[in-house]
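A.B. asks: Listed here are the chains, written in short residue letters.
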Amino acid sequence: MARLTEENVRLAREIIGRYPKARSATIPLLHLAQEQDGYVTNEAMSHIGELVGASSAEVFGTASFYEMFKFEPVGKYLINICGTMSCALMGAEELMHHAEERLGIKMGSTTADGKFTLERAECQAACTEAPCLQVNYRYRYRVTPDQLDTLIDDLSAGTLSSEIPAHGVVASVRQHIPAERGVGAVAPELVTENPVWLDGKAAL
Amino acid sequence: MTTIDTTDTNDMPPQDPNAVSITINGRTVAARKGDLIIAAADSVDEYIPRFCYHPRMSSVGMCRQCMVEVEGPRGPMMVVSCMTPVADGQVVRTDTPQVKRAQEGMIELLLANHPLDCPVCDKGGECPLQDQAFSHGAGESRFVEEKRHYEKPIPISDLVFLDRERCILCDRCTRFADEVAGDPLISFTQRGNNTQVMTFPDEPFASYFSGNTVQICPVGALTASPYRFKARPWDLEQRESTCTTCSVGCRTVVQSSRDELLRYQGVDSDPVNWGWLCDKGRFNFQSTNSDDRLSTPQLKSGDSFVAASWSDALESVARVIRHSREGSVAILGGARGTNEDAFMWGALADAAGITMRDAQLDDGLPSSVFSYPQATIDSACAGGTVILLAPDIKEELPVLYLRLRDAVQKKRIRLIEISSHETGLTKYAWKSIRAESGTAAAAIPALMAQADVAAQLASGPVVVVAGRPNLAESATHTMDAVAAVLTVAPSASVLPVLRRGNVRGALSLGLAPRNGNDAATILEASAKGNVDCLILLGADPLSDVADVDLARRGIAGAKFVVAIDTFLTASAAHADVVLPAAAYGEKDGTTMNLEGRVTSVVQKITPHGTSRADWMIAVELLTLLGHESNFTTLSDIQNAMSAAVPGFGSTTTAVAIKRDGVVVSVTPPSSAPTATSVAAPRNSYEFRLDLSRKLFDRAIGTITSPSLENLATEANVFIHPLDLDRVGAAEGTNVRVSNTHSSIVLPVRASSSIPRGTAWVPFNQIGADVRELVRRNESIIDVRIESM
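First to last, the protein sequences are chains A and B.
Each step along the first sequence adds one to the number in the working numbering, with nothing skipped, and position 200 is 200.
Each step along the second sequence adds one to the number in the working numbering, with nothing skipped, and position 703 is 703.
Please note that the accuracy of each hint is not assured.
In silico lysine to aspartate or glutamate, EDC-like type, Cα no more than 16 Å apart, as pairs [unchecked claim]:
id	chain 1	residue 1	chain 2	residue 2
1	B	411	A	154
2	B	230	B	260
3	A	115	A	154
4	B	427	A	154
Just so you know, these hints were derived from the structure itself, not from any lab.
This is chain A alone, in the form it adopts within the complex (with noise of 0.2 Å):
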C-alpha cells in the first residue's frame, strides 16, 4: 500500500540507468512494485511515474495490459489452473472444483486469510502434462485433487517457501550489472545526430 521503499527506489534508479530512455524502465518497475506489496498499488504507479517520467495514467495505461500485473491485493500463492482444451479433457474441471470446495472459495477470489487466490487460466502451454496448474507461476503438472490437497498442504506449512516465492516475487536471485560491465545508456538529449537509418526523415 505504498510508494517504492528507499531501498527499491535505489533499485529502481539502477533499472532505469539501463535504459537510455528512462520510460523503457516502467514494467521491470511494476514488477519490482508487484514484488515489494504483492500486488501493483495505486501509490507505486504514481511513485514509477515520478521515477520514469511519466503520467500515472500512462503508467497505469501500460500495466493494466498485462493479466499478471494486478491491481488488487492476491493472496501470498495465485494458483492459476489451466481450463483449456487438453486440461479441461484431462479433468481440469474436477481440479477446480475440488480446489473451490478445499480453500472454501470461488474461481477469482482469495481466502479470508490472504494466503490462496484461484484463477482460471488459459493454456499455460504443458498439454502433454495436462492438467496443470501454475502456483505463482511455477509449473505443477498432472495434477490429481490429492496432490493438489497436498500441495495446498505444503504451501500451508510453509515447506515449499524456497522454491515457490510469495506472489510478485519473479525470480529469487535479483541480477546486478556491475557498474563496469553497464553499456551506458546515452541520454536522449545528448544525441545529436540522427542515426543513419533515419536518413533525413524525420523521427516517428
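Chain A is fixed; fit chain B onto it per the hints.
C.D. replies: Below, chain B without anything else, positioned relative to chain A:
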C-alpha cells in the same frame, strides 16, 4: 503547327523542389513532399471519411476509416491515407468499389460495439460517426451478438463526462492530452478486448484544455457538463467570433439557441489558436447567462441602490462630469470591451478634457513596452530563441502556452526562462533560471554572456515575451529586464503579454495613460480627494489592483463613482451610479489581441435587460455633455477610428471580419521611460512575496460560471520544503504572513517549484487576501512567515 516557346526561362518562378503532383480520382492535385494523401485530398475538397485523423495532431492510423486505393507496381493497393505521404505521380482513387467496401466494413466494425443511442446523445446531429455511417456505411449490420457494456457516463473531471460504450478508440482525446496539452492524464487502459480511455484512479483529467477533447471527439463519448442536454445541434445558431477572456484572442464560434449562449467551439485560426481553446474561455459563456447580471441602471440612495431609467442615470453622470473641477475626471478600464468601445471612450475623454485614463489596473506593463519592435505569436514560434520575462503563460494565456510548447516540442525554438518560481513552461525551457523578484535585470547580463547562451542568441531571431510576472513587484523591474535583454540582443522583438482581452486595443485606441497618469497615480489622486468623478469602465480595482489599500483609498476618496459593468462587482458596489453593460456575445465590434491582431467579435444574443454596449454609453454622454456627435452606428465609429488612428488603416475593420484578422501597427502613446529601480536586498529571515495569477480564481467571469466557480483553489502560501522546516510549520497549517503594513493568516504548503526565500501566493483565491501586504510605492515586497 509549331509553337515557339518564347518564355524566358529566367522569368519562370523557381521550381519548388518539394512540389509533388498526384492524381486523386483523375484530378491532378498539387501537393508538397511530406503531405499526407488525406491532407492533399482535403485541399481539393475530395472528402475521405475519417475519425482519428486531425490535421493539428500526429497521424496514428487508429480507425482505418480513411482507406484509399493507390496504384502500385502490382496493381491497386489499399492504403491508410492519413499515414501515407504523397509521392510524385501517385495515382489515388477514393471511389472504387474496393474502397467503398473497405469503408463500409470499417463502419460496420466500429458500430458493432457502439450503442447507437443517438436519440439521447448530445453529439447526434453533428456526429462524424453518425454522419459517416450514413454517407459511407452499408446501412445494415450483421452483428447480432450482445454489445460491450460499461457504466454510462462517468465524470473524468469536473467538466468532462466519458461514455465508454460510445467510444471508438480513435486516440484523439488521449493524443491531444499528451501531444498538444502536455497533460497525459488520460490513457488507453485495459488494452485488449476492453480497451478504454481512462484516467488514473482518483486522479481526474484536470487539464486546462480538457474541453478541446470534447470538441474533437468524433462520437458522443466525451461530453462537457456545461452543454450536456442543453440543445440539439440543429437548434443552434452560430457566428464566428474571437474569445476575449485573455489577450491571446482565440477564434471561436459562439452558439446560441433561443437567445441564450450555449456553447463556444474553437475555430482553427492558423496564426493564433489552431482550433484550441482553454477551459476558462470555452465555458465562461455561463457568466453571460448568469442571473446575477445587472439589468437596469442603478442609483445609489443611502446605502442601497434603486433602479433608474437610462436617461436619469446618464443625466446624473453628465451633470457630475459637467460640474467636476478641471482635470478631476478619471476613467479606469476599458480593456474588457471592444476596440469601438475604447475608441469612443477615448473620444469622449478627449472631448471632455479627461486626461486621467488607464486601461490597465497597475497589473500590466507601461505602454512603452509597445515601442519596441513587436513580435507575433507566429514569429515567436517560428524559430530561434524565446526569452520569457513573463507570468506563468500556462496560467494566464493558456493557448499561447500551447503554441510555445508546440514550437519547443518540434524543436523550432529554444526557451530561456527567467522567473521567480517554476512555471508551466519550465520543463520545456532550454534554460530556466530562478531570479528572485526584483533581480531579473541584474541576472540577465551574466546569463546572456554564457558561451552557449550567446551562441544560441546569435543563431537566430530572438523574441522576448514580456509580461508582469509578479503583481507584488514593480513593473519597472520587468521593463528593466526587457531593456537588459535588448541591450545584449538589440535585434530582438518583443511580444507583450498583458492581461485582459482587449488591453492592447484599449491602450492603442485612446485609453492609454496620458503624461504618466497611470491607474496607480489616478487612484492616488483620488485618495487625496482630487478626483470628482471616477468612471470604472468594466474595471474592478478592489479585486484587481495589487495594492488593495490604494484601491480602497482611491474608491473611497472619489467624490462620485460611476461603474459600467456586467455585474455588481466589489468596486461597483461602492459606485454612485451603476450602468449595466452588454457582455461578450451581446455586442458587435472588433478586438485586438496581444500581437495587435484585429479580429471581429460578434453579437449573438440580445443584451441582458436594458444593458448597452460601452460605446453607446460614451456616445450618449458625448451628446449630453453638449458635444457634436455623428455616431449612431458601429460603422460610424469604425470609419472614424480608421480615419483617426494612424496605423489602423481603412481596411482594418473590413479585414477583421475574416478569420485570421490583421495585425495592425498602432503604437499607443508611451509615457516617458520610468527610472530604473534596484530592489533592496532581502533580509535572510524574510521571504520575497511573489503574487501571481492562476487560470481559475475569484474573477467575476469565473465565479459567475457555475461549472468553473469551484475550480478556484483556496489561498495558500507556497514555500520551499526546506523553508517550511525553517519556519517550523507543518504542511497545511496556518502561518502568519506579515510585514510592516499588515498581517494575514494563510495555510502554508511546501513546493519544490518555489526557490528558497520566495513565498508564492496565488492571486485572488478563496481565503485571506495577501494584497493587504502590498504597497505600490515599494518595488518589491518582503514578508515574514511565522508559525502560530
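A.B. asks: Next step is simple, just say for each hint if it's right about the structure.
C.D. replies: Hints versus structure:
With a CA separation close to 61 Å, the supplied pair residue 411 of chain B and residue 154 of chain A exceeds the 16 Å bound. Under the criterion of a C-alpha separation no larger than 16 Å, the hint pairing residue 230 of chain B with residue 260 of chain B is consistent with the structure, at around 10 Å. For the hint pairing residue 115 of chain A with residue 154 of chain A, the CA-to-CA distance comes to about 12 Å; that is within 16 Å, so the pair holds. Only pairs whose Cα atoms come within 16 Å are accepted, and residue 427 of chain B paired with residue 154 of chain A is rejected, the gap being roughly 54 Å.
In this structure, the hints that do not hold are numbers 1 and 4, in rising order.
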